[in-house]
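Q: Everything in the sequence shown is counted per this note's numbering, starting at 29 for the first residue and increasing by one.
Warning: the hint list may mix true and false statements.
[To be verified] Pairwise CB distance ranges (calculated):
| no. | residue 1 | residue 2 | range |
| --- | --- | --- | --- |
| 1 | R240 | N107 | 38 to 44 Å |
| 2 | R155 | R242 | 19 to 25 Å |
| 3 | A334 | A202 | 42 to 48 Å |
| 4 | P302 | E244 | 19 to 25 Å |
| 5 | A221 | G323 | 37 to 43 Å |
| 6 | P302 | A150 | 27 to 33 Å |
| 7 | A284 | Q183 | 26 to 32 Å |
| 8 | D239 | Q301 | 21 to 27 Å |
| 9 | E143 | L235 | 17 to 23 Å |
If you're looking for bench data, these hints aren't it; they were derived computationally from the structure. Keep in mind that this is a model prediction, so the values were computed, not measured. Built from N, CA and C at the ideal position, the CB exists for glycine as well.
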Amino acid sequence: MRSRTALALVSLVLTATVACEEILAEVTAPPEEERAARRPRRPRNRRQNTAPQLPQPQYQQPQGQQPAFAPSTVGPIVNRLRVTFVDVGQGDAALLETADGHSALIDAGPPEGDEHLRALLAQKGIRTLDWMLLTHPHLDHIGGARNVLGAVRVQRVIDPAYPHPIATYDRLLAAIQQQAIPFVPARQGQTLALGAGVSVEVLQPRLPFIDRSRSEANANSIVTRVIAGAVRVLFTGDAETETEERLLAENRAQLAADVLKVAHHGSRYASTQPFLSAVSARAAVISCGAGNDYGHPHAETLAALARNNVQVYRTDQQGDVELSTDGARYQFRATPWRVPSAAMR
29 MRSRTALALV SLVLTATVAC EEILAEVTAP PEEERAARRP RRPRNRRQNT
79 APQLPQPQYQ QPQGQQPAFA PSTVGPIVNR LRVTFVDVGQ GDAALLETAD
129 GHSALIDAGP PEGDEHLRAL LAQKGIRTLD WMLLTHPHLD HIGGARNVLG
179 AVRVQRVIDP AYPHPIATYD RLLAAIQQQA IPFVPARQGQ TLALGAGVSV
229 EVLQPRLPFI DRSRSEANAN SIVTRVIAGA VRVLFTGDAE TETEERLLAE
279 NRAQLAADVL KVAHHGSRYA STQPFLSAVS ARAAVISCGA GNDYGHPHAE
329 TLAALARNNV QVYRTDQQGD VELSTDGARY QFRATPWRVP SAAMR
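Required output: the full structure, derived from the provided sequences and hints.
A: If you want it as structure tokens, here you go:
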């Protein structure tokens, strides 16, 4: 099965080569040779469609230092970038929207979060995604991707091109190829242009892939930093300790961020103290499902975030978590109108 997935990846990358030449002006990349249990659905829980006021992270300037980023605010701001961390249950999906109408999706959640994700895209009037970025080929991150391809026009897909033997990934690669969507293997050093001056830096993975980890697919997740003016948001996929060690060795200067999307749904196998110190985020979002079978977020991770004075938002408790920024200030709000129950990988 792994060899079949690898062959599908090679075929997809070759098919997309010509189409990709037209978009490389928007993707700055260093020269580098590229290579290419599911459980039954459970009933969804529903919550009242309200938008409670969330606590906003408070900035305290260290004595004798200048702030790296402008402090957050609860006052009205004009959006340059809106990031919606979508409540897809036990999985990840984040929608990026710029002020000039461009959008990208980072991960597409598990199958049971698909209905809500597509409804959100329709509600926002999104018919085209500039980018679909899939951090790694696990079901809780790609389970809804094929249906998104059927619901909206996706202009480009970026993926680690890490072979992983599951049928969902094989079918997704086939759908991308069938629709002739340009496929870009993600590699350290790329910069993706989005809109309104918003850029996406790809910090990981690179070749050779990490090959000795608790979960190699997780460890080779795409890690990106989204930059909107002075505000930075770090997305970590399901990064493992080994991923963080590589990032600290190779990308430390690019880790600083206002907001952290916590790796692997708050798993204890990431969010080490050296990594959290380098990021120095004031706020963090954990995407996970209520009552999930993995115990996410783990108590160790929550304790580490608390020690670092990080304000935590959780999709299992608050539903869709929305971050808005004008490039200098940012604020959060929640919309807990539907929360899928615990999902599976």
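Q: Check each numbered hint from earlier against the structure, then list the numbers of those it violates in ascending order.
A: 2, 6, 9
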